[in-house]
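Number of protein chains: 2
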Amino acid sequence: MNGGMGEASYANNSLLQRKVILMTKPIVEAAVTALFSTTATNFPASLAIADLGCSTGRNALFAVSEIISIMIDLCKATKQELPEFQVFLNDLPGNDFNTIFSSFLPRFQEKLSEQMKSKNGAGVMLPCFFSGVPGSFYGRLFPRESLHLIHSSYSLMWLSQVPGGLEGNKSNIYMARSSPPKVLRAYYEQFQRDFSTFLECRGQELVVGGRMVLTLLGRKSDDPSSKECCYIWELLAIALNEMVSEVYQNLILEYLNSRVHIRIKSKLIFLITSSESCSIVP
Amino acid sequence: MNGGMGEASYANNSLLQRKVILMTKPIVEAAVTALFSTTATNFPASLAIADLGCSTGRNALFAVSEIISIMIDLCKATKQELPEFQVFLNDLPGNDFNTIFSSFLPRFQEKLSEQMKSKNGAGVMLPCFFSGVPGSFYGRLFPRESLHLIHSSYSLMWLSQVPGGLEGNKSNIYMARSSPPKVLRAYYEQFQRDFSTFLECRGQELVVGGRMVLTLLGRKSDDPSSKECCYIWELLAIALNEMVSEVYQNLILEYLNSRVHIRIKSKLIFLITSSESCSIVP
Chain A
1 MNGGMGEASY
11 ANNSLLQRKV
21 ILMTKPIVEA
31 AVTALFSTTA
41 TNFPASLAIA
51 DLGCSTGRNA
61 LFAVSEIISI
71 MIDLCKATKQ
81 ELPEFQVFLN
91 DLPGNDFNTI
101 FSSFLPRFQE
111 KLSEQMKSKN
121 GAGVMLPCFF
131 SGVPGSFYGR
141 LFPRESLHLI
151 HSSYSLMWLS
161 QVPGGLEGNK
171 SNIYMARSSP
181 PKVLRAYYEQ
191 FQRDFSTFLE
201 CRGQELVVGG
211 RMVLTLLGRK
221 SDDPSSKECC
231 YIWELLAIAL
241 NEMVSEVYQN
251 LILEYLNSRV
261 HIRIKSKLIF
271 LITSSESCSI
281 VP
Chain B
1 MNGGMGEASY
11 ANNSLLQRKV
21 ILMTKPIVEA
31 AVTALFSTTA
41 TNFPASLAIA
51 DLGCSTGRNA
61 LFAVSEIISI
71 MIDLCKATKQ
81 ELPEFQVFLN
91 DLPGNDFNTI
101 FSSFLPRFQE
111 KLSEQMKSKN
121 GAGVMLPCFF
131 SGVPGSFYGR
141 LFPRESLHLI
151 HSSYSLMWLS
161 QVPGGLEGNK
171 SNIYMARSSP
181 PKVLRAYYEQ
191 FQRDFSTFLE
201 CRGQELVVGG
211 RMVLTLLGRK
221 SDDPSSKECC
231 YIWELLAIAL
241 NEMVSEVYQN
251 LILEYLNSRV
261 HIRIKSKLIF
271 LITSSESCSI
281 VP
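Top to bottom, those sequences are chains A and B.
Sequential numbering from 1 applies to the first sequence in full-length UniProt numbering.
Sequential numbering from 1 applies to the second sequence in full-length UniProt numbering.
Keep in mind the hints are simulated off the structure, nothing from the lab.
Fair warning: there could be bad hints in the mix.
[Unchecked claim] Pairwise CB distance ranges, derived in the manner of DEER restraints: (1) A:19 <-> B:170: 43 to 49 angstroms; (2) B:111 <-> A:144: 34 to 40 angstroms; (3) B:200 <-> A:106: 54 to 60 angstroms; (4) A:127 <-> B:115: 45 to 51 angstroms; (5) A:15 <-> B:218: 49 to 55 angstroms; (6) A:144 <-> B:15: 34 to 40 angstroms; (7) B:37 <-> A:277: 34 to 40 angstroms; (8) A:19 <-> B:111: 50 to 56 angstroms; (9) B:111 <-> A:18: 49 to 55 angstroms; (10) A:125 <-> B:109: 35 to 41 angstroms; (11) A:216 <-> B:270: 31 to 37 angstroms; (12) B:274 <-> A:121: 30 to 36 angstroms; (13) A:18 <-> B:171: 49 to 55 angstroms; (14) B:274 <-> A:43: 54 to 60 angstroms.
[To be verified] Computed footprint of chain B on chain A; a stretch qualifies when at least three of its residues, placed anywhere within it, have a C-beta under 8 angstroms from a C-beta of chain B: (15) 101-112; (16) 232-244.
For clarity, every value in this text was computed on a predicted model and none was experimentally measured.
Even for Gly, the Cβ is constructed at its ideal location relative to N, Cα and C.
Whenever a hint applies, use it, and build me the whole structure from the sequences.
So this is what it looks like as structure tokens:
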């Protein structure tokens, strides 16, 4: 994602992703409530939360702010002493962590402190400790059984790499109506491998009874090259085809084949239920 | 510190700090050995290490690399199964974490992996997870009892703020021979407050039996304005006095009063022993 705070930065072009986080708030609430009920008899002194693929900008802390706010309210409602919070913000090493740390985090901490005072009185402090974790979530990022809640929004459609076997897809940059079946299969198999690895890693990192809320871009159609998910990439491919001169066309488009993958809900549920690491909680 | 990788960057101007880390290796070795003997009966599955004031550049990972290397050797010598390592790199929010994460960390991880293979065989992996922690170490940075080893080199001479009451020190930018006694007192009292806060916070964050290795710039002389620590600042003040025009002189020099403080060993020992949070281990 584009770092910094400029016009073309992710920080100033991520309203859609923010709306998605807002839309999923009831699901996060349910997950946190379930976590609290699981840990009720042995409530931890410190709760570890990870946001995977946090990106940069305001959104990097938006999901976390919602989660903490839910937790504060739940503690108050159940007369539970507030735990300390340890928040891990993860993204790839090239993410602009500097802008999060120096610009957004101080403002967020100030806001959090005011929120606490208005909810729990002037003397109550909220011990909340932040870390940036650089690395791919298609590998281990945290010690075993160290996290209570994992959140990831609009990130898991990015694959770990462009799949192999896309040679016949040269005029496209993703799955398209004109893509041969082997290209569709290559994308699905790459996602299958990546998502299984993701579940296995998170299964090791979550405490027993820990919860995970994942929001992914999906499609309703059975057709993996349906317009609802691929059209934007087809348009982009057409634009690129027109922009790039004949000479370099094939070379550049091959390089540009996308790492994104958008899948159907039924296939996702199948992958999660066949994983030994995690299960779906209704 | 100057970020990036340019000629004037800290990354390319921190050989002295690197030498200091090398010089203190025997002390770190002793601390790690003591930590291992304390935890021998209940060896943790995951060891949490924090480097406070890590800065940027190669040095940001140098101390940690030494610590991990000592731990690997100790595990091998005691036939102890290798724990997972969680490494926290801390510095102020303005530190260049991006350069650490995108340039130095990948190389470091590659080197660490090679080192593991050569020491323990090709199949042995070292689970080592890195985080950047933005914030002042003159406040809490981590949850209670979450760290096993804290390291800090050449950082604790930086105060949390320029002390108040330096009005009579206008021609200097730190303690100097011409500084009035109240300026010397102001620096000492600021250090006293900061260091006590530091010890209190770390005392809460360390597990019982945890260890801390702190390397500070010090002086042998009883005189706080002795040449051995203040001369460089006096020279800098002279240079600044000559550079700055008469009109702005007072204004700028007042602004530039340094946040550094260099203290005598006996006073440091007194502050640690009078703290309830930590003790000195011979």
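Structure-based check of all given hints:
1. Residue 19 of chain A and residue 170 of chain B have their C-beta atoms about 55 angstroms apart, which leaves the hinted 43 to 49 angstroms range violated.
2. For the hinted restraint 34 to 40 angstroms between residue 111 of chain B and residue 144 of chain A, the CB-CB distance of approximately 24 angstroms leaves it violated.
3. A hinted range of 54 to 60 angstroms is violated for the C-beta pair residue 200 of chain B and residue 106 of chain A, which are about 23 angstroms apart.
4. Checked against the hint of 45 to 51 angstroms, the C-beta distance between residue 127 of chain A and residue 115 of chain B comes to roughly 36 angstroms, which is inconsistent with it.
5. One distance hint, 49 to 55 angstroms for the beta-carbon pair residue 15 of chain A and residue 218 of chain B, holds here, with the actual separation near 53 angstroms.
6. Checking the proposed 34 to 40 angstroms range against residue 144 of chain A and residue 15 of chain B shows it holds: the Cβ atoms sit about 38 angstroms from each other.
7. For residue 37 of chain B and residue 277 of chain A, the Cβ-Cβ distance of about 36 angstroms falls inside the hinted range of 34 to 40 angstroms, so the restraint holds.
8. Judged by the Cβ atoms, the range 50 to 56 angstroms given for residue 19 of chain A and residue 111 of chain B is violated: they are separated by roughly 43 angstroms.
9. For residue 111 of chain B paired with residue 18 of chain A, a C-beta distance near 39 angstroms fails the hint of 49 to 55 angstroms.
10. For the pair residue 125 of chain A and residue 109 of chain B, the supplied restraint of 35 to 41 angstroms holds, since their beta-carbon distance comes to about 36 angstroms.
11. For residue 216 of chain A and residue 270 of chain B, the hinted distance range of 31 to 37 angstroms is not satisfied, since their beta carbons lie about 58 angstroms from each other.
12. In this structure, residue 274 of chain B and residue 121 of chain A meet the distance hint of 30 to 36 angstroms, their C-beta atoms being roughly 33 angstroms apart.
13. In this structure, residue 18 of chain A and residue 171 of chain B meet the distance hint of 49 to 55 angstroms, their C-beta atoms being roughly 53 angstroms apart.
14. Hint check: residue 274 of chain B to residue 43 of chain A, Cβ distance near 35 angstroms, so the stated range 54 to 60 angstroms is violated.
15. Here's how the stretch 101-112 of chain A fares: 4 of its residues keep a CB closer than 8 angstroms to some CB of chain B, so the rule of at least three is met and the hint holds.
16. With 0 residues having a Cβ less than 8 angstroms from any Cβ of chain B, the stretch 232-244 of chain A misses the three-residue criterion, and the hint is violated.
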